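Asker: Sequence:
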Amino acid sequence: MSKLPDEAFRDTIATIDAEGKRRFIFPKKPSGRFYDYRKWVSYFLLLILIANPFIKINGNQFMMFNVLERRFNLFGFPFWPQDFYLFVISMIVGVVFVILFTVIFGRIFCGWICPQTIFLEMVFRRIEFWIEGDRGAQIRLEKQDWDADKIRKKALKWSIFLIISFFIANVFLAYLISSDELLKMIYEGPENHISTLISLFIFTGVFYFIFAWFREQVCIIACPYGRLQGVLLDNKSINVAYDFVRGEKETGRAKFNKQEDRSTTGKGDCIDCKQCVHVCPTGIDIRNGTQLECINCTACIDECDTIMETVGLPKGLIRYASEDEIEKNSKFQFTTRMKGYTAVLFILIGILVGLLFLRTEVEAVFLRLPGQLFEHKGENISNIYTFKVLNKTNKDFNAIHFKLVGIKGTLKVVGEQEMKVPKQGMKSGTVFIEINKYLLESDKTKLEIEVFDGDKKIETSKTSFLSPRSFD
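Numbering-wise, the sequence shown is residues 60 to 531 according to this note's numbering.
Check the hints yourself; a few may be wrong.
With a straight-line Cα cutoff of 27 Å, these simulated DSSO-like cross-link-like pairs (lysine-lysine) come out [to be verified]:
1. 471 x 516
2. 516 x 482
3. 374 x 98
4. 467 x 505
5. 482 x 462
6. 436 x 503
Simulated from the structure, these hints should not be mistaken for lab results.
It should be emphasised that the depicted structure is a prediction, and the values quoted were computed from it without experimental measurement.
Use the sequences and the hints to build the structure in full.
Answerer: This is how it looks when you write it as structure tokens:
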């Protein structure tokens with residue numbers, strides 16, 4: 060009968076010692092086929108992440124999250140405050156997709172796609188390995204007195220970290236205020252944009268703190284997705300998992316001895332070398348089962364496969380597998396829960412696509428002036444409205460005017476009758492509408508107002524017209 064891993068293996072996280080103080084993790088430099096795949100994926104995603112705010116489609120920034128002005132761009136589509144519902148739906152689609160992905164593949168997003176992991180493992184840690192050496196050298200350097208060699212290495216590392224953090228802060232700021240504003244600040248000089256410069260320094264400090272000190276604790280302590288994982292995973296989810304059936308067998312783990320035949324001794328294939336523990340960037344022992352801190356980075360898979368190959372045992376002792384596959388040797392099944400998430404995802408995508416097609420490039424709103432009733436002007440009834448015309452396009456409208464349709468009446472704009480609305484801009488004002496009282500069939504008549512740019516109709520807006528209940 061297979062021996063299960065010890066369930067009471069620990070009562071604390073790897074980054075905290077027995078006294079509750081911070082314990083720094085010094086992972087071994089990973090290598091192997093999965094690590095090579097991760098490097099290519101990471102560098103590709105880094106390129107996209109850095110280029111996104113500087114790419115434009117139809118004049119719109121490819122990705123922008125301007126929370127101050129409530130303007131967002133997703134894949135070149137601009138979302139204004141009036142389109143916020145579309146942005147919310149698109150975010151919900153993203154969340155449901157991540158949930159579905161987690162239910163099937165576990166926390167693979169964290170190890171392969173998350174910007175925090177990519178920057179930490181593929182940028183900052185690689186610089187650390189280059190300057191301070193591998194795990195053993197880093198531990199020795201940490202215990203070493205502050206002599207010239209340690210000061211030189213630490214100062215070089217921290218200086219490079221600070222420069223990279225400053226660069227990341229600039230990219231992050233380009234997402235928030237737009238790349239145009241960022242470049243404008245650079246061209247005009249920081250002295251003319253003190254508030255933006257202060258924000259840049261704050262972001263630099265935050266990123267430096269995260270990648271130089273807080274590090275993997277973002278994944279373990281701060282990230283809500285790690286907590287969500289515990290709710291979403293089940294025995295059928297595919298994770299980076301230790302095959303305890305093969306690794307423990309009848310008598311459990313044992314150190315490797317080339318003189319014995321493990322198939323006859325009942326010893327498991329795990330030789331207890333602890334290399335999977337040493338290479339883990341969050342400091343866990345994968346042999347103790349699925350854990351909150353595991354980010355599915357596959358470093359333990361590469362390390363274990365290398366050891367298995369060295370001692371002449373089959374690879375795959377640690378691999379991508381579900382708990383049911385390991386314990387019951389059952390194949391992957393698309394469960395009812397997975398089907399439910401998939402159905403919800405497709406419904407949300409369908410709603411989002413439909414709303415995107417219905418979304419107009421120009422939005423005009425006519426609202427009756429608050430606190431104002433109708434006014435008698437001879438045989439006419441007059442109502443006063445405020446209007447807003449929002450231009451979501453990247454071209455200027457130079458001759459905006461309105462026309463009342465469906466009922467005979469007059470529409471007078473206060474001020475210029477033809478207005479200019481700049482690209483990505485808005486125009487507001489006041490308008491009077493007068494209608495003969497005998498044409499009004501109720502005290503609240505629905506009106507349609509067409510918006511033209513020159514001779515071209517660009518939008519139709521609806522509003523209501525108030526009048527007396529009777530004209531006796």
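Asker: Give a verdict on every hint.
Answerer: Here is how each hint holds up against the structure:
1. 471 x 516: Between residue 471 and residue 516 the Cα gap is close to 18 Å, so the pair holds against 27 Å.
2. 516 x 482: 17 Å, holds
3. 374 x 98: Cα-Cα ~22 Å, so holds.
4. 467 x 505: 13 Å, holds
5. 482 x 462: OK: residue 482 and residue 462 at ~22 Å, within 27 Å.
6. 436 x 503: Cα-Cα ~18 Å, so holds.
When each numbered hint is compared with the structure, no violation occurs for any of them.
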